[in-house]
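As you go down the protein sequences, you meet chains Y and V in turn. Counted from 1, the first sequence has number 469 at position 469 by the working numbering; the numbering is strictly sequential. Counted from 1, the second sequence has number 219 at position 219 by the working numbering; the numbering is strictly sequential.
Honestly, the hints are just simulated from the structure, not real lab data. Glycine included, every Cβ here is placed at the ideal spot set by N, Cα and C. Misleading hints may appear alongside valid ones.
[Unchecked claim] Restricting the straight-line Cα-Cα distance to at most 20 Å, the calculated cross-link-like pairs of lysine to aspartate or glutamate (DMTMM-like) are:
(1) LYS82/Y with ASP760/V
(2) LYS503/V with GLU581/V
(3) LYS169/Y with ASP824/V
(4) LYS870/V with ASP744/V
(5) LYS19/Y with ASP1002/V
(6) LYS829/V with GLU23/Y
(7) LYS765/V with ASP167/Y
(8) LYS82/Y with GLU834/V
(9) LYS397/V with ASP292/V
(10) LYS676/V with GLU764/V
(11) LYS480/V with GLU452/V
(12) LYS275/Y with GLU834/V
(13) LYS695/V with ASP507/Y
(14) LYS829/V with GLU21/Y
(15) LYS321/V with ASP292/V
(16) LYS166/Y with ASP293/V
(17) LYS695/V with GLU23/Y
(18) LYS765/V with ASP507/Y
(19) LYS321/V with GLU357/V
(20) LYS299/V with ASP500/V
(21) LYS93/V with GLU357/V
(22) LYS166/Y with ASP760/V
(23) LYS166/Y with GLU309/V
(24) LYS932/V with ASP507/Y
(25) LYS999/V with ASP53/V
(26) LYS275/Y with ASP708/V
[As the list claims (entries may be wrong)] Some, not all, of what chain Y presents toward chain V, calculated at C-beta under 7 Å:
(27) LEU16
(28) PRO20
(29) ILE24
(30) GLY98
(31) THR109
(32) TYR112
(33) GLY116
(34) ASP158
(35) THR159
(36) SER161
(37) ILE162
(38) ALA171
(39) THR174
(40) VAL273
Below are the chains, spelled out letter by letter.
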Amino acid sequence: MSVFITFGLESCTDWLNTKPESEIVLDDYWQSEAQAQAVLTACYRGLTTDANIERMIVWGELRSDNLIVGRGFPSYHTDMGKILNVNITPTNAYCNWGPMYSVINNCNTFLYYAPGVVSADQNFTEGKLHSFEAEVLTIRALCYFYLVRTFKEVPWIDTPSIDDTKDYKVAKSTERVVLDHIIADLLTAQKYARIDFGSVENNKGRITLNTVNALLADVYLWDQQYANCVEMCNRVIADPTLKLIPTEMMFLNVFYRGNSTESIFELQFNENVQKNNTTANLYGISSNIQGELSFPVFLEKGDYSPFKYKMGTDVESDKDNRFKDFIFQDWGDMNGIYPIFKYAGALRSENQLEQSTYIYRNTTSNWIVYRLADVMLMKAEALTAPTAPSDDDLKEALALVNNTYQRSNPNSPPLDFTVYNSKGIIEKLILRERQRELMFEGKRWFDLMRLARRYDSPGALLTYVGPKLTGDVMQYTKMSVMNALYLPVPQGDIDNNTNLIQNPFYDETNTTTAN
Amino acid sequence: MKSNFAILILFFLLLLPKTAIGQKTGNDFLVQGTITSGSDGTTLIGVNVTEIDVNNRIVSGNVTDINGHFVLKIKNPDNRISFSYLGYIKQVKKIEGKRIFNIVMSDNTHEIQNVVVTGKKRHSEGGFSIPTREIASAMQTIDTKEFEGIQVSSVDEALQGRIAGLDIVSNSGDPGSGTSMRIRGTTSINGNSQPLIVVNGVPYEVQVDPNFDFANSNQEQYASMLSINPDDIQEISVLKDAAASAIWGSKGANGVLMITTKKGAMGPTRIEYSYRYTGTVQPQGMKMLTGDDYTMLMKQAYFNPLQSETASNINEFNYDKSFSEYENFNNNTNWVKEVTQVGNISDHYLTVSGGGERAMYRVSGGFFKQNGTIIGQNLDRISSRAYLEYSVSDRLKFISEFSFTYTDNNMNYEMNFDGDPNKKSSILGIAYKKMPNVGVYAQDANGNNTNELYKILSNSMLNDDQKYLVNPVALATLAKNNLKTYRILPTFRLQYDLLDPAKQTLRYSMYVSFDINNDKASSFLPQEVINRPWNNGQMNRADYSDSEGLTIQTDNNLAWMPAFSNTDHSLLLYGSVQTTEGRSSAQGITTYGLERESDASTTGYLEPIRASHSNWRSMGLMGRFHYAYKSRYILDGTLRRDGSTKFGNGNKFGNFPGISAKWIISDEPLLKDTKKWLSMLAFRPGWGISGNQPKWEYLHYSRYGNYDSYLNMPATQPVSIRLNNLKWETTSSFNYGWDIGFLDDTYVFDLNLYSKRTTDLLFEKTPLPSTSGFAQLSYQNAGTMDNNGWEVNFYATRFIKTKNFSVDFKFNLSNYVNTLVQLDPGILKGFNSEFNDLNGSYLTRIQEGNSFGSIYGFRYKGVYKYDEYKPEEGHLDAPVSRDANGTVNVDENGKAIPMVYEYSTTSKSATYQFRGGDAKYEDINHDGSIDKLDIVYLGNTNPLLSGGFGPTFRYKNLSCNMFFNFRYGNKIVNRARMNAENMYGNDNQSTAVNWRWRKDGDVTNMPRALYDYGFNWLGSDRYVEDGSFLRFKYLTFNYSIPSAKLKKFNINKINLYLTINNIFVLTKYTGVDPEVGYGALGTSFDDAKTPRSRDLTLGLSIGL
């Protein structure tokens, strides 16, 4: 009868536990520093997926005046097309915030379990834990910052998704709550963030103290805490290792080679692990120089153009290198389209006739999240933004603009306070300078959104985006209220999470408000 | 587990009686004697003389020499000596110290007269054997004699229509494509709905990790039933209610199909050879347009939307001789004819069986070869099965079974259009679509065929659907898609009676069964077939994958039948412990852009290598009893406790009870008088619970998987959500059965009424708010579903009977109603996504209180006769909006408001204004526009009735067997017809479109042709058809040549068969075959899969 006894239930339960061979189960994980670091790495890895880089571009740039349909735009790419046509519905693929939340979940997982590793692995000190945590908190803050800027109100989730007993039907938090969480997390990260990881790649590819400060500056600017923003920008600008690249090397070093001295944080791509397919597809690459998106010809000159802008008797940015560097100057068939060269190209050379030769890149580029020029212009904006900025502040802002302006207009005189002498003028100048400097870097739509938020009205934003629209009244209608400038909550989440409330503008049961 | 086996064997050895191990030695002595025949006094040569012990175990033995003399060395004087000789009565003598045995043997060719043998037919499941009449659960058994001589390539095909409540629909007519089976309806939405198959008491499953995207995922376990040769099957029992299937616990919810194979039989060696040849023809499907009609249609379709000649100016339709490809586009090709052929099957089978007192054996082997009715399909199968039984003594028996099957299936290559797996198209599907004005072979300037199969040039102006649609003849003949399957199943059994079986049964039995399964799939798509650029993923693409699995199953059981002094009581107790342990691994590589070789390991573009490993274990503890009082009050009970690695600690074990009773009313003394005509009346109530498992392992772990790297640091992330709550899907069912027999069981009815409720319905990949970081939960228990129904079986055995002639008749009928009782609202919402407003799609919807498999869509009302509403000219049938009374709505100027299709509610500009000749849909809510609010319920896929019937006639040595099967009241979406009548793309259309609306006033039901425009083929009842049918499934003649004539040739028997399969189908269904399998969400979509063929089989079987 011994046979039957060996089948006693307790031993059976053990016998009935098999573990997968190619994966590690949670109970066996979180034992060593290497394992903790692997999840930290997964947080970075998640940011570099096509889905997230696409979102950084679609959310931050696509809706702005900088991008229109390019020659390579496929007929089937309807979700991006719908956004360009201001026909946004909750079923649009780019309303799906899931890819960002999957990074957030990895961050939450790390923050939940990593402290336990300290006792399991003696090599994993509290110090290491905190420096890892600083990176993870910043990545999570970055994700939430994208979400809060795009959707305004999103569920704030800071616990990991482990099992099916958790309540996944989390309601939206207000913008205030989300921003406060982001700021609090970043202030914690500020305390422990590392300054040096020992190599250029790591210093640019991982979160450093400069990254934390740059992101915090951006968040304060969005949150209209201008003094705090200036303070954070100052800390970044004060770092002597950060230097603007001179104009002749700027394109090559900043965008082609990457990890330049100007860079603060850029997502690193690797041709074997993860290519940056998104910029290759949307902007171009040597095998596909006609990217899916392009720069509109109406921005070449005129009242809404950042280039050759008439300022009194002068023409601002008349011979701006960035006009040639960032946009492919195709002197042939224009069709109202300028292909994008930033991120798509390797090198531009110019002959005596000022004609450019463009060489496209074969490999994909890194994706820059923050660089020094951005921070300088953030500071300029923060100095100008208060209702009554002092002349000193305005002058300082103008000086900051001149840093990047003069770099790219080496033969032009600096912009002078005699011409640029009021808050209104400088505010617009900063907007133009940011557009010239940071175009296609996923910034422009958020710049315009800050403008709209400052006036609490889409009016000013619409004057910039208007020329891009086809003239269909519906398109204006669909941008006529502040809520319309944020994306709708994805339909999939509305369906599966009864606690979520749709952005009222997109609520179908409430369509009258839309018209 | 190994140690357990060792303990088992040790345990078994200890149980052997001591005498069996340590023999008495030292007092050996010799006995001798002569054996003569009692009839003529001659001495007998070769008589078996054996010394046997108390348990009839052979201790020593010898045979008589040429003089009939024998000498035998005796080991124990207490033993007995047995004398046996073929054709003579066996004798056993006690030794009792005697040394000489002169035996006279009498032959056994006596005529026995007036002996009535009464025996109870017993039903046996492993060690649990009860008289058939005492079965209290809903079970139906079929002896394969019933379909002897019929050409079937698999068991499921033979069972079709024969078992009440078992609905079998073949997936397609392609060789080896398998069937979908449902016992008493669908109990699961996402889980497996196919019944469990048990062969000789051992569950027969193929467990390949479902995470692995096997190149031929439709080759599932049901296709693998192919590997049991129908010739080897003795009988098949179908366990339909939970009282019976509770024995199989967590796997039994979908019912159980128990297959018993043939065993050896005592007697001289018998050799039987059979051969069958079958010719198969495919029935005629839709008639498609000729090239000339097609091009005319296309030009209209391009012209109509924009009313523009330039839109319709396409070289390929113009018959313009200046076009460089003119000769290739001026043909009339019947593509369907080009890809079909007369198929054939040849099937050889050889069986050798026999046995003596101690050992019985049966060895069989066969070769099966099938060429399909579609070109490029052929299947070869070699199968073999061996059964060996050896009785060491009366109490100890070993049985060994071994089966081997090798299948080599050359299938058509499945093109993956646009990378969308749902767009996989069959050869026949392509043939129906392919434009008929293009030729099969490339033609030279004079219009003569070259040897090269024509492929449309990649710079053609045709739309992509047609431009990239491959030449189906080229695809069938040049591309390769091969699946080789090896399956080996050795089983070892042992049976030992702990008590003397003559007095009381206490039997220990066990088995160990191995299942080794190996699949190798390889496919290659050569550049001659497709016109894509060299770096396209389909170009010279080779896929190679293989998987292997090993499952070890053990069962240890004890059956005890206590002997009662009062014989009115009988009791059988049974306990069993079962374990299953298995592992599987699979890997696959894909390369494309290869130079030439059809080998995925050569250089080219290599896609990521897929690989997976999986292992699983489960165990079951089961106890059951069977009690009968006076053999007319019967009570059965089962309790099974199942544990599986598929679940977490809280839910690892599940309990599955079953209880059933039977009251044989006709045996009551009160009904003694009616016994003459009412030979059987019994009532069988039963209840039980059975379960269903998810497909995947490791669901109860939060798993961390590799996630590439960043900055050369390896990354790992959680890849799954731990399912703490996951448990079995549980089906509890009540069954009320009646057995009624008239006139000595000449007429037998078997009625069953059942209600099944499935709770904790397993849902796979249920959506999760994406804020969780995961798109979905891999599984969730989330609903309740009911299946209620009834079944009638009727047999009339030899109800007409004369000396040479007799007739049997059988009939079965069943019905069930499936109701979704409750479903998690989140899941429901996920399934019931918004209607996508597109042509050709049906709203997917499952609704509480409705049946699963419901079809929702618009109501089609024909075609608008006129373009403009002009009542003064009698042009009333025009696309204008009307109110509930049918009055035309007018605007402020008194102008009729046009009827529109609103396909997006967020934008007013997104409306389509119907025109004359457009499809007319019913405006259900009379709001003046057609939109998703006008979608209504159109019917259900589940049949109201299904069943089969057929007589058997016997005249002397000739028998004739007919069988009909039918389904009634099921709806099918005829998507093949939809695609052939939409006039929307460049696909070829059926001749029905020749009736299309062409000009104002045309009265027709076929809308106008509109290329890529309009809404003429919205999912509507236009394509929802009644799938009822009555099929004359087969007609068989079986003639056995009288044995008297054969004796002189030493031949035992010769049988000749003639079978005609699928003689006709009576149906209103317009598609080629109304038998359509279940698709997504249980709805049947007819996608022009290969229809079942019409066969003629000639067969011969010879027994020696």
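We went through each hint and held it up to the structure:
Pair hint LYS82/Y plus ASP760/V does not hold up; C-alpha atoms about 41 Å apart against a cutoff of 20 Å. At most 20 Å may separate the alpha-carbon atoms for a hinted pair to count; LYS503/V and GLU581/V exceed this at roughly 37 Å. As the CA atoms of LYS169/Y and ASP824/V are separated by approximately 14 Å, the hinted pair is consistent with the 20 Å bound. Restraint check: the Cα-Cα separation between LYS870/V and ASP744/V comes to about 76 Å, which exceeds 20 Å; the hinted pair is violated.
For the proposed pair LYS19/Y and ASP1002/V, the alpha carbon gap of about 69 Å is over 20 Å, so the pair is violated. For the given pair, LYS829/V sits about 33 Å from GLU23/Y by alpha-carbon distance, which is inconsistent with the 20 Å threshold. Under the criterion of a C-alpha separation no larger than 20 Å, the hint pairing LYS765/V with ASP167/Y is consistent with the structure, at around 17 Å. Only pairs whose Cα atoms come within 20 Å are accepted, and LYS82/Y paired with GLU834/V is accepted, the gap being roughly 18 Å.
For the given pair, LYS397/V sits about 75 Å from ASP292/V by alpha-carbon distance, which is inconsistent with the 20 Å threshold. Distance restraint check for LYS676/V and GLU764/V: the Cα-Cα separation of roughly 56 Å exceeds the 20 Å cut-off, and the hinted pair is therefore not satisfied. Restraint check: the Cα-Cα separation between LYS480/V and GLU452/V comes to about 18 Å, which is no more than 20 Å; the hinted pair holds. Taking the CA atoms of LYS275/Y and GLU834/V, the gap is about 35 Å. The hint is violated against a cut of 20 Å.
Only pairs whose Cα atoms come within 20 Å are accepted, and LYS695/V paired with ASP507/Y is rejected, the gap being roughly 39 Å. Straight-line distance between C-alpha atoms of LYS829/V and GLU21/Y comes to about 36 Å, which puts the hinted pair past the 20 Å bound. Between the alpha carbons of LYS321/V and ASP292/V the distance comes to roughly 15 Å, so the proposed pair stays at or under 20 Å and holds. A threshold of 20 Å between alpha carbons decides the hint, and for LYS166/Y with ASP293/V the separation of about 62 Å lies outside it, so the pair is violated.
With a C-alpha separation of about 18 Å, the suggested pairing of LYS695/V with GLU23/Y holds against the 20 Å cut-off. Our distance criterion of 20 Å between C-alpha atoms is broken by LYS765/V and ASP507/Y, whose separation comes to about 27 Å. Using a Cα cut-off of 20 Å, the hinted pair LYS321/V and GLU357/V is violated, with the two alpha carbons roughly 85 Å apart. Simply put, LYS299/V and ASP500/V have alpha-carbon atoms about 89 Å apart, too far for the 20 Å limit, and the pair is violated.
Restraint check for LYS93/V and GLU357/V: satisfied, since their Cα atoms lie roughly 17 Å apart, inside the 20 Å limit. At most 20 Å may separate the alpha-carbon atoms for a hinted pair to count; LYS166/Y and ASP760/V meet this at roughly 19 Å. Distance hint between LYS166/Y and GLU309/V is unfulfilled; the C-alpha atoms sit about 63 Å from each other, more than 20 Å. With a CA separation close to 18 Å, the supplied pair LYS932/V and ASP507/Y stays within the 20 Å bound.
In summary, the hint linking LYS999/V to ASP53/V is not supported, as the alpha carbons are separated by about 99 Å, beyond the 20 Å threshold. A hinted pair counts as satisfied when its Cα atoms are at most 20 Å apart, and LYS275/Y with ASP708/V qualifies at roughly 12 Å. With its C-beta approaching chain V no nearer than about 5 Å, LEU16/Y sits inside the 7 Å limit, and its interface hint holds. With its C-beta approaching chain V no nearer than about 5 Å, PRO20/Y sits inside the 7 Å limit, and its interface hint holds.
Here the hint on ILE24/Y is kept, as its CB sits about 5 Å from the closest CB of chain V, short of 7 Å. Hint on GLY98/Y holds. Least Cβ distance to chain V is approximately 3 Å, under the 7 Å limit. Because the beta carbon of THR109/Y sits about 6 Å from the nearest beta carbon in chain V, less than 7 Å, this interface hint is met. Contact between TYR112/Y and chain V, as hinted, is not supported at the beta carbon level, the nearest pair being about 11 Å apart and thus beyond 7 Å.
Taking 7 Å as the C-beta cut-off, the interface hint given for GLY116/Y is violated, the closest approach to chain V being about 15 Å. Using the Cβ-Cβ criterion of 7 Å, the hint placing ASP158/Y at the interface with chain V is not satisfied: the shortest such distance is roughly 11 Å. Annotation: interface hint on THR159/Y violated; nearest CB of chain V at approximately 10 Å, more than 7 Å. Hint on SER161/Y holds. Least Cβ distance to chain V is approximately 4 Å, under the 7 Å limit.
A cut of 7 Å between beta carbons decides the hint on ILE162/Y: the least distance to chain V is about 5 Å, and the hint holds. Given the 7 Å rule on beta carbons, the hint for ALA171/Y is violated: about 10 Å separates it from the nearest Cβ of chain V. The beta carbon of THR174/Y is not positioned within 7 Å of any beta carbon in chain V (closest approach about 16 Å), and the interface hint is therefore violated. Contact between VAL273/Y and chain V, as hinted, is supported at the beta carbon level, the nearest pair being about 5 Å apart and thus within 7 Å.
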